[in-house]
Structures are given as structure tokens and as C-alpha cells.
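There are 2 protein chains.
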Amino acid sequence: MNRLNHRDENGLVPLKVEDIKIMETDKHIGLVETQYFTFAHPPGVFVLESGEGIGPVTIAYETYGALDEGRSNAILILHALTGDAHAAGCHESEKDPGWWDDMIGPGKAFDTDRYFVVCSNVLGGCKGSTGPSSASPGTGGPYGLEFPLITIKDMVNAQKLLLDHLGVETLLAVVGGSMGGMQALQWVVSYPDQVGSAILIATTSEHTPQQIAFNEVGRQAIMADPNWNNGDYYGGALPDKGLSVARMIGHITYMSDESMNEKFGRRMKDKKQPFKFSPEFEVAGYLHYRGYNFINRFDPNSYLYITKAIDCFSLANGKPLHKLLQGIRTKLLIVAFSSDWLYPPYQSQQIVRACKMAGSDATYCELRSNYGHDAFLVEFDEQTYLYKHFLKKVHDERRGG
Amino acid sequence: MNRLNHRDENGLVPLKVEDIKIMETDKHIGLVETQYFTFAHPPGVFVLESGEGIGPVTIAYETYGALDEGRSNAILILHALTGDAHAAGCHESEKDPGWWDDMIGPGKAFDTDRYFVVCSNVLGGCKGSTGPSSASPGTGGPYGLEFPLITIKDMVNAQKLLLDHLGVETLLAVVGGSMGGMQALQWVVSYPDQVGSAILIATTSEHTPQQIAFNEVGRQAIMADPNWNNGDYYGGALPDKGLSVARMIGHITYMSDESMNEKFGRRMKDKKQPFKFSPEFEVAGYLHYRGYNFINRFDPNSYLYITKAIDCFSLANGKPLHKLLQGIRTKLLIVAFSSDWLYPPYQSQQIVRACKMAGSDATYCELRSNYGHDAFLVEFDEQTYLYKHFLKKVHDERRGG
Numbered sequence: 001m002n003r004l005n006h007r008d009e010n011g012l013v014p015l016k017v018e019d020i021k022i023m024e025t026d027k028h029i030g031l032v033e034t035q036y037f038t039f040a041h042p043p044g045v046f047v048l049e050s051g052e053g054i055g056p057v058t059i060a061y062e063t064y065g066a067l068d069e070g071r072s073n074a075i076l077i078l079h080a081l082t083g084d085a086h087a088a089g090c091h092e093s094e095k096d097p098g099w100w101d102d103m104i105g106p107g108k109a110f111d112t113d114r115y116f117v118v119c120s121n122v123l124g125g126c127k128g129s130t131g132p133s134s135a136s137p138g139t140g141g142p143y144g145l146e147f148p149l150i151t152i153k154d155m156v157n158a159q160k161l162l163l164d165h166l167g168v169e170t171l172l173a174v175v176g177g178s179m180g181g182m183q184a185l186q187w188v189v190s191y192p193d194q195v196g197s198a199i200l201i202a203t204t205s206e207h208t209p210q211q212i213a214f215n216e217v218g219r220q221a222i223m224a225d226p227n228w229n230n231g232d233y234y235g236g237a238l239p240d241k242g243l244s245v246a247r248m249i250g251h252i253t254y255m256s257d258e259s260m261n262e263k264f265g266r267r268m269k270d271k272k273q274p275f276k277f278s279p280e281f282e283v284a285g286y287l288h289y290r291g292y293n294f295i296n297r298f299d300p301n302s303y304l305y306i307t308k309a310i311d312c313f314s315l316a317n318g319k320p321l322h323k324l325l326q327g328i329r330t331k332l333l334i335v336a337f338s339s340d341w342l343y344p345p346y347q348s349q350q351i352v353r354a355c356k357m358a359g360s361d362a363t364y365c366e367l368r369s370n371y372g373h374d375a376f377l378v379e380f381d382e383q384t385y386l387y388k389h390f391l392k393k394v395h396d397e398r399r400g401g
Numbered sequence: 001m002n003r004l005n006h007r008d009e010n011g012l013v014p015l016k017v018e019d020i021k022i023m024e025t026d027k028h029i030g031l032v033e034t035q036y037f038t039f040a041h042p043p044g045v046f047v048l049e050s051g052e053g054i055g056p057v058t059i060a061y062e063t064y065g066a067l068d069e070g071r072s073n074a075i076l077i078l079h080a081l082t083g084d085a086h087a088a089g090c091h092e093s094e095k096d097p098g099w100w101d102d103m104i105g106p107g108k109a110f111d112t113d114r115y116f117v118v119c120s121n122v123l124g125g126c127k128g129s130t131g132p133s134s135a136s137p138g139t140g141g142p143y144g145l146e147f148p149l150i151t152i153k154d155m156v157n158a159q160k161l162l163l164d165h166l167g168v169e170t171l172l173a174v175v176g177g178s179m180g181g182m183q184a185l186q187w188v189v190s191y192p193d194q195v196g197s198a199i200l201i202a203t204t205s206e207h208t209p210q211q212i213a214f215n216e217v218g219r220q221a222i223m224a225d226p227n228w229n230n231g232d233y234y235g236g237a238l239p240d241k242g243l244s245v246a247r248m249i250g251h252i253t254y255m256s257d258e259s260m261n262e263k264f265g266r267r268m269k270d271k272k273q274p275f276k277f278s279p280e281f282e283v284a285g286y287l288h289y290r291g292y293n294f295i296n297r298f299d300p301n302s303y304l305y306i307t308k309a310i311d312c313f314s315l316a317n318g319k320p321l322h323k324l325l326q327g328i329r330t331k332l333l334i335v336a337f338s339s340d341w342l343y344p345p346y347q348s349q350q351i352v353r354a355c356k357m358a359g360s361d362a363t364y365c366e367l368r369s370n371y372g373h374d375a376f377l378v379e380f381d382e383q384t385y386l387y388k389h390f391l392k393k394v395h396d397e398r399r400g401g
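These protein sequence lines are chains A and B, in that order.
The letter at position 99 of the first sequence is residue 99 when you use our numbering, and the numbering goes up by one with no holes.
The letter at position 394 of the second sequence is residue 394 when you use our numbering, and the numbering goes up by one with no holes.
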């Protein structure tokens with residue numbers, strides 16, 4: 001149970017002395033727990049963009065801070081490809097905090113003293129939300145490839161039902177980086193009157209062929225592993241080598257030429273390698289480590305489904321993007337990082353240009369960073385400054401209006 | 001037998017009427033054959049940079065045009081990762097000409113009416129030169145992983161023996177793109193007095209961690225395929241899926257974001273896909289096609305050995321590059337392509353800067369192209385203009401001096 005969800009009469013968290021100490025010294029939310037919301041959209045199934053139905057659907061989520069009386073302070077945080085609902089605070093049994101803990105908490109960018117922050121694991125995922133590794137109501141066993149193809153829009157529609165369940169009618173902001181940014185953009189277009197503002201970080205309005213190509217090769221690596229067994233590997237040997245190769249490709253695209261140079265250079269690992277083609281360069285050892293650990297925390301079929309959803313994402317689907325954005329009053333903050341070559345700044349600029357043509361309120365900021373696409377997960381100071389001020393402004397306007 | 005190797009009394013090719021017709025209309029060399037030179041360096045083995053010995057060694061090569069009487073017109077062309085000795089002209093049984101046929105031939109950039117052009121398959125390769133798929137003298141069967149690790153320097157030392165065999169004491173030019181450029185650079189440093197000029201195209205003086213990372217993932221994809229069987233797959237099932245994934249990764253890095261956009265966009269293939277994760281985007285279909293065809297023309301173990309040689313390439317090995325180039329009188333033309341993100345222009349500029357610091361004669365040219373790294377294999381007009389004039393100048397100076 002998230003103790004910060006207990007609200008006082010003002011809808012705010014009743015602070016205890018030890019909480020204040022934690023917050024002021026560690027600026028940390030403290031212990032949190034993932035919660036689950038299960039629904040079956042009428043008539044008994046959740047209808048996907050493809051027309052296929054699925055149900056029941058469970059969405060894993062966490063909340064931090066408290067919803068105020070006016071229900072005006074809710075922020076939805078949307079995660080990237082391999083993220084989960086655990087964005088901040090600590091789970092009782094785990095040492096590491098959530099994936100964006102530096103950004104979410106008391107006094108942080110997404111200030112839990114001010115805002116009610118929600119983060120949910122996407123539909124199709126493997127961290128508590130319904131996905132290919134979940135039990136199929138038909139067989140009782142895991143769906144595997146019987147799971148229907150899902151889209152970014154399906155993820156967003158499931159999140160909308162979660163927010164309805166939480167009593168959040170309108171969002172102060174939707175916020176996401178990478179695939180999270182695609183969801184945020186889809187929120188703005190699907191539910192324009194429910195979204196006061198959006199922070200779109202290191203993202204795009206549609207996947208380019210190069211971006212599709214990287215995902216495609218990752219999927220091929222998984223499916224080339226005989227243990228993948230047409231998606232039916234649950235309870236048996238896992239396609240760990242295939243998933244590992246897919247993850248290594250991903251990691252190359254998340255970093256930049258510069259950040260790899262700084263982090264690894266051409267340094268060799270100390271130990272004499274036992275084998276001719278052992279990863280003797282540090283950079284290779286790092287990729288191995290990240291690749292082979294990934295199997296412990298991610299379902300290979302979820303990787304296939306989610307990357308496919310990303311590849312199919314094209315917000316305007318061939319039509320002019322600005323026409324889709326016309327009449328939208330959501331305030332947008334669009335952020336790109338200078339060394340991000342996976343979602344390069346020009347893709348953010350395309351969104352900004354479309355917003356300007358549509359007469360929308362959009363601000364663009366390109367942050368200088370050497371960290372490539374990973375920058376949104378590691379560059380906290382400038383992001384904090386930027387998001388804090390943006391949110392304060394939209395929050396003040398909302399309360400004033 | 002390459003009929004253009006028959007020389008007249010001036011050391012030039014005796015043209016027949018049909019040859020002239022072919023050359024003037026098709027600008028084509030005509031039929032050529034790959035030749036083979038086998039040697040065992042004293043004392044019976046070819047000694048590698050690692051100290052290990054190997055022998056006998058066969059190098060596959062082709063020649064076009066004729067060596068003049070002064071032996072002053074020889075140009076060595078060096079191929080990239082998956083290239084071969086067949087750079088120009090046609091083989092009797094094949095429809096497609098050599099891989100740089102647009103650049104090599106009568107009147108072309110490497111004008112076979114003027115120059116004697118040699119191209120050899122690298123040591124470690126699988127197109128006629130000794131490599132891991134060759135018969136090991138010990139067992140009679142293929143070397144497999146018993147083949148020793150080789151380096152770019154080893155490739156160059158083998159080429160030197162081939163040129164000695166062909167009676168070429170000095171080269172008018174060494175020329176190569178990508179890995180070919182690394183060999184050309186190594187030639188300049190290893191045999192400075194034998195190399196009059198060098199054209200280094202889309203290359204680097206050392207592999208960066210990002211470049212190593214891409215190769216590492218390709219190797220891991222091959223080795224993850226159970227058919228790879230620790231390199232012992234000859235005569236059995238081939239690791240085609242693993243090699244295919246490696247090749248797909250390669251192709252993404254050879255193209256650019258722009259060229260993929262132009263060539264594929266987000267177009268889907270016409271046919272309804274039979275399977276959820278079929279490559280439905282055109283870009284994915286293209287990568288599949290290139291990936292799965294690769295097994296018909298390349299040995300997976302050669303892919304491991306050659307990429308490893310590339311990754312280990314660091315000309316100055318941590319020392320200042322300009323110190324290595326001091327006193328070298330080879331004239332250098334260094335060419336990069338604007339959209340090449342695998343070997344970005346800054347890496348060519350590093351070589352130029354070192355040349356300038358060393359007082360070497362170096363000219364740099366960055367050609368505008370959307371084709372990414374592939375540009376050196378497809379952008380012929382500007383390259384032809386540039387190389388033709390550069391070679392004429394160094395050839396004139398050589399004959400004059």
C-alpha cells in the first residue's frame with residue numbers, strides 16, 4: 001500500500017516526522033506498491049483498434065501524491081518500451097527505486113507535494129498488465145501468439161479506463177519519453193478535452209523506416225532463437241540468446257557515439273578472454289551484461305508486440321499532422337536531445353511545426369546532451385527546471401481559470 | 001584468363017575492333033577471371049601480427065588493364081567487409097559485373113586504358129582467399145575456429161606478397177572504402193616508400209566503441225544460432241538465421257535515415273501477410289531479402305574473423321596519429337559522405353588533421369549524398385571526377401619526376 005495515498009482533509013498527504021526527514025534529505029517518496037485494475041469493457045471485452053476484443057484486461061499502476069479536491073492536479077506518466085508502472089519510490093523487497101525516481105517525488109520535477117502522479121504499465125506489457133504472457137481466459141494458459149496485435153491507441157484507451165476508475169476526469173498533464181511520448185501525443189488527439197497539457201520528450205509522431213528497421217531486426221533475433229518456439233516457450237527454455245541480441249541492438253541506439261566514447265573508449269576488459277570471440281572490449285562486455293540480464297525482467301513476446309505497436313504508430317497516418325491538431329487547446333512542451341539519433345530533434349520539430357500551423361500552444365526545447373536517446377532517463381537538472389516551471393504555469397492557469 | 005592482361009610492346013593492351021566497340025559503347029572491361037596466388041612465407045608459414053603462423057596461404061585476385069614498362073601505373077583496390085576480388089568486368093557464368101564496375105574500366109575513374117588495376121580478396125575471406133572455410137593443412141577439413149585471428153595489417157602484408165609476385169614494386173595508388181580504406185591507410189604506414197598516393201574513402205583510423213558495438217551484435221547473432229555449432233557447420237545446416245540478423249543490422253548502418261525514407265517510406269508490402277510478425281513494411285521485407293540471401297554468398301565464420309579484425313583496427317593504437325604519419329610522402333585524398341553515420345565525416349577529418357600536423361600532403365573532400373555509408377558504392381559521378389583528376393596529377397608527377 002502506498003502510504004502517500006492516505007490523504008488528509010485537504011486532499012494532501014498527512015506528513016509524519018520521519019516522512020519529512022526522508023523527503024528533505026533524500027527527496028524520496030518512500031515505499032510504494034504496484035496496484036492492479038481489472039476491467040472488461042462492455043460488452044464483456046475491451047475492443048481494440050483492430051476490432052478484436054480482449055478481456056478481462058488488467059492494468060498495473062502506481063500512484064504518488066494525492067488528488068486534490070478540485071481533481072485538477074493529476075499527471076499521467078507514460079513509460080517507454082521496456083518500462084513499467086514502478087516509476088518512483090521503492091518496493092519493499094527491492095533496493096533500486098523506480099525508473100524515473102529522480103524526476104518524481106517531493107520537490108522534484110513532478111512534485112508529489114503538489115501533484116497526483118499516476119503511472120501504468122502498458123497493455124501488451126509483462127509487468128502486471130495483460131499481455132502475451134498473461135493467462136488466456138480460453139485455455140487458462142499463457143496467450144502467447146494468440147494475444148491480439150495492439151496499438152499505441154489501445155494502450156491509451158486502456159489508460160483512460162484506469163483514470164476513470166481512479167476518479168480522474170481531466171489530466172493536468174500527460175508526460176512521456178520515447179514510446180511514452182507517442183502515447184502522450186495519442187492522448188492529446190484521442191481525448192483533447194481531458195488533457196490540459198502534454199510534455200512530449202524524445203519522441204515522434206510516426207516511426208520512420210530506420211526506426212522500424214531497428215525494431216524489425218530485434219524481432220527477427222528473437223524469432224530466430226529456436227527456444228522462441230513460435231511464442232510458446234512459457235515454462236520451458238527461454239529464447240534468451242535471441243532476446244539478448246535484440247536488447248543489445250536497442251542499447252546501441254539508446255546511447256550516442258559520444259557517450260560510448262566517453263564511457264568505454266577502446267578499453268579492453270582486464271581478464272584474458274577464454275574464447276576467440278569473447279567480448280574483449282568493455283563496450284561489448286557492457287552490451288552482453290545488459291542483453292543477458294534482460295531475460296530476467298522482460299517477456300520476449302511482449303517485446304514483439306510492443307515494438308510492433310511502436311512501428312505501426314503514425315498519428316496522422318499519411319494525412320497532414322497539423323489538420324489532426326486543429327482546435328486542440330492542450331498546451332504542449334516538446335523536448336528533444338541534441339545527440340539523440342534514434343528519435344532525432346527533427347522529429348520533435350515536425351510536431352512543433354504542425355502545432356504552429358494548427359495554431360496550438362507549443363513550446364520547443366532542444367537540450368544539449370551527449371547521452372543520446374537515454375538522455376531523458378539521465379539528464380535530470382535541465383529537465384526538472386523545464387518541467388517544473390511548465391507545470392506550475394499550467395497548474396496556476398487551471399486553478400485561476 | 002583476363003584478356004586485357006595480354007600486353008603489346010608498349011606494355012598496353014592490344015585492342016581489337018570488338019574491344020573498342022565494347023569500351024566505347026558500354027565502357028566495360030568485358031570478361032574477366034579470378035586468379036589465385038599461393039604462397040608460404042619463409043620459413044614455410046606466413047607469420048601473422050599475433051606471431052602465429054599460417055600456410056599455405058592463397059590470395060584470390062583480379063587485374064584489369066596492363067602494367068606499363070616503367071611499372072609506374074599500378075593501382076591496388078581494397079574491398080570492404082563483404083567484398084571480393086571481383087571488382088570489375090564480368091565472369092563468364094554471371095550476369096552482374098564486379099562490385100565497383102562503374103568505377104573501374106576504360107575511361108572510368110580507374111581508367112584501365114591508363115592504369116593496371118589489382119583487386120584481391122582479403123586474408124580471412126571466403127571468396128577464394130584463405131580463411132576459416134579453407135582446408136586446414138593439419139586435418140584436411142575446414143579450419144573453422146582453428147583459423148587464427150587476423151588483423152588489417154595481416155591482410156595488407158599478404159597483399160604485399162601478391163604485388164611482389166605480380167612484379168609491382170611501387171603502387172601509383174592504394175584505394176579503398178570502409179574496411180578497404182583501413183587497409184589503404186595501413187599500406188601507407190606499413191610501406192610508405194611503395195605507395196605514391198592513397199584514396200581513403202568513408203573510413204577511419206580506428207574503430208569507435210559504437211562501431212565495435214554494431215559488429216559485436218552481429219557476431220553475437222551468428223553465434224546465438226545453434227547451427228553455428230562453435231564454427232563447425234561446414235557440410236551441415238548453416239547458421240542462416242543468425243547470419244541474416246547480422247546482415248540486417250549491417251544494412252541499417254550502411255543506409256541513412258534519409259535514404260530509407262526515400263526508398264521505403266512507411267509503405268506496406270502488397271500481399272496480406274500470413275503471420276502476425278511477418279515483415280509487412282517494405283523496409284523490413286528489403287532487410288529480410290538482403291539478410292537471407294547473404295548466406296548464399298558469405299561464410300559466417302569469415303564474418304566473425306573479418307569484423308573482429310576491423311574492431312581491433314587502431315592505426316596509432318593510442319599514440320598520436322600524426323606522429324605515425326611523420327615523414328610520409330604519400331599523397332592522400334580523403335573522402336567522406338555527408339550522410340554516412342557509420343563512418344561519419346569527423347573520422348575522416350581526424351585523419352586529415354593528423355596529416356596536416358605531420359606535414360603530409362592531404363586533400364579532404366566531403367561529398368554531399370543521402371546514401372549514407374553506401375554512397376561510395378553508388379555515387380559515381382562526383383567520385384569519378386575527383387579520383388580521375390587526383391590520379392592524373394600523381395601519375396603525371398610520377399612520370400615527370
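Misleading hints may appear alongside valid ones.
You can't tell identical chains apart in this list, so a pair holds if it fits in one copy or across any two.
Said to hold, decoys possible - Calculated lysine to any residue pairs in the SDA-like style (CA-CA distance at most 25 Å, straight line): (1) Lys356 x Arg290; (2) Lys319 x Glu92; (3) Lys319 x Ser72; (4) Lys263 x Pro345; (5) Lys263 x His165; (6) Lys276 x Asp240; (7) Lys388 x Arg114; (8) Lys276 x Pro56; (9) Lys269 x Pro320; (10) Lys392 x Cys312; (11) Lys392 x Ser360; (12) Lys263 x Phe37; (13) Lys127 x Gly265; (14) Lys388 x Gly400.
To be clear, the hints were calculated from the coordinates, so they are not data collected in a lab.
Honestly, which of those hints from before does the structure not fit?
1, 2, 3, 5, 10, 12, 13
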